[in-house]
Amino acid sequence: MYSIFLLLIASALLVFMLLKLNFNRTSTFVTLSLTILILYFVVNPRSCMEAALQGAQLFIKAILPSLFPFMVICNLLIAFDGISIYSKLLGPILCRPLRLSKNCSFAIVASMLCGYPLGAKYSSELYDNGYIDELEFKRLLNIASNAGPIFILGSVASSMLNNIYYGYIILAANYLSFFIIGLFSKSKASPRKLNFNPAPKNINIGEAFKASINDGINGTLMVGGYVIIFAVLIAIIKNNAIASIISNSISNMNLNNELLSALFLGSLDLTNGCYIITSSSLSITIKLCLISFFCCFGGFSIIAQTHAFFYKYDISVKKYFIIKFLQGLIGVIVTFLLCTIFITTIPTFSTNNTVGLYNQIWLPYLIFMIITIICLSIKKLFNAA
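Here the sequence shown is numbered in UniProt numbering, starting from 1 and rising by one per residue.
The hints are simulated quantities; they were obtained by calculation from the structure and are not laboratory data.
Every residue, glycine too, gets a C-beta built ideally from N, C-alpha and C.
Accuracy of the hints is not assured; some may be wrong.
Computed cross-link-like contacts, DSSO-like style, restricted to lysine-lysine with a CA-CA straight-line distance of at most 27 Å [stated by the list, open to error]:
no., residue 1, residue 2
1, Lys61, Lys238
2, Lys210, Lys312
3, Lys61, Lys210
Quick list of simulated restraints, FRET-style, between CB atoms [stated by the list, open to error]:
no., residue 1, residue 2, range
4, Asn218, Leu260, 35 to 41 Å
5, Ser316, Phe29, 20 to 26 Å
6, Ile85, Ile284, 38 to 44 Å
7, Ile38, Ile85, 46 to 52 Å
8, Asp314, Ser279, 36 to 42 Å
9, Ser281, Asn204, 53 to 59 Å
10, Leu113, Ala211, 18 to 24 Å
11, Arg46, Phe300, 22 to 28 Å
12, Pro97, Ser280, 33 to 39 Å
13, Ser316, Asn129, 45 to 51 Å
14, Asn214, Phe41, 20 to 26 Å
15, Leu53, Lys210, 45 to 51 Å
16, Ile93, Ile38, 26 to 32 Å
17, Ile284, Asp128, 39 to 45 Å
With these hints in hand, go ahead and build the complete structure from the sequences.
Here it is, written out as structure tokens:
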């Protein structure tokens, strides 16, 4: 409690000094926020270090084993012109329904197999190397952007939920959501064919392998840094007196405190959010819907990671955020519908009661209305582009 008072006093003094010196409001806000984080770290170093270690463990167990090897292999494929081979084999199957050029198939496959943030990374490289144009690049960023099966089936389903079959439900919703986004965002015109034929190069295997490993290390460490930083932020938000006051106020309002907490904290970071949800006492259907939302949406940490790959282009982060949020809502609806098929009853927030699906007459109409609103929003967003 004393640490909170010290933080408040120090923050008040800092605000007074910054306002008196007439600094820019944005700079003042950022400086104040970062100073509060520094002061909290100084006052509570133990909890911050434990959170950083927990984030590092999550990164090592859940992300590093799949991301680094896959990134190295994909870099080698690009070096040896694997994009041309993928475009001929998989382009007609993956890209034709979405009105994308065949060259986009490589980024889509990379995103489907390994997940965030490889879709954004290889979409950017396809654009940089001249395989796709700017309009197609913007569409591909929204399509080749999803969680990978190793994370969903291995880390979430097997390790956290202790049931791999739940992972198949989340994975199906994850793939269907980005495919629906692709269908509603496709342009009426066929993709413009670029006459790009990379000149044949004498590639040294050792040099290509070294470059692939260096790029894989840099990309993997960047992702790990985001996971650790957001783990510390989540710990700071959870473990302070202000959060306890807000939590007590929510409980007094007869709202589900655990659900709201999982929604807020999970929106910050995908990996930590899934861990928080699976550790909660929420019903399995609610857990699967929330995890599906976070896997499709990604959270602020994933959006920050993907933005690190396309920040130098004329891409609206706000628009990307809205589309990812809509994709998350689609994932929730698909997960809920799959649960009604494979789980006979839909549990409520109480563990003692269940509500049969077919007793809820309003449910199909509500889902139809939500899907209609989402589809119209997606069309409006892409027509505005």
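Hints and how they fare:
1. The hinted pair formed by Lys61 and Lys238 meets the criterion: a straight-line CA distance of about 23 Å does not exceed 27 Å.
2. Restraint check for Lys210 and Lys312: the C-alpha separation of about 26 Å stays at or below 27 Å, so the hint holds.
3. Restraint check for Lys61 and Lys210: satisfied, since their Cα atoms lie roughly 25 Å apart, inside the 27 Å limit.
4. About 37 Å separates the C-beta atoms of Asn218 and Leu260, a value consistent with the hinted range of 35 to 41 Å.
5. Separation of Ser316 from Phe29 is about 22 Å and conforms to the stated range, judged on CB atoms against 20 to 26 Å.
6. Ile85 and Ile284 have their C-beta atoms about 42 Å apart, which keeps the hinted 38 to 44 Å range intact.
7. Against the hinted window of 46 to 52 Å, the Cβ-Cβ separation of Ile38 and Ile85 comes to about 50 Å, which satisfies the hint.
8. Between Asp314 and Ser279, the C-beta spacing of about 41 Å keeps the proposed range 36 to 42 Å intact.
9. At about 56 Å, the CB distance of Ser281 to Asn204 agrees with the hint of 53 to 59 Å.
10. Our hint of 18 to 24 Å for Leu113 and Ala211 holds, since their Cβ atoms are close to 21 Å apart.
11. Take Arg46 and Phe300: their Cβ atoms lie about 26 Å apart, and the range 22 to 28 Å holds.
12. For the hinted restraint 33 to 39 Å between Pro97 and Ser280, the CB-CB distance of approximately 38 Å keeps it satisfied.
13. Separated by about 23 Å at the C-beta atoms, Ser316 and Asn129 break the suggested range of 45 to 51 Å.
14. Take Asn214 and Phe41: their Cβ atoms lie about 31 Å apart, and the range 20 to 26 Å is violated.
15. Checking the proposed 45 to 51 Å range against Leu53 and Lys210 shows it is violated: the Cβ atoms sit about 31 Å from each other.
16. Take Ile93 and Ile38: their Cβ atoms lie about 51 Å apart, and the range 26 to 32 Å is violated.
17. Separation of Ile284 from Asp128 is about 43 Å and conforms to the stated range, judged on CB atoms against 39 to 45 Å.
In summary, the numbered hints that this structure violates are 13, 14, 15 and 16.
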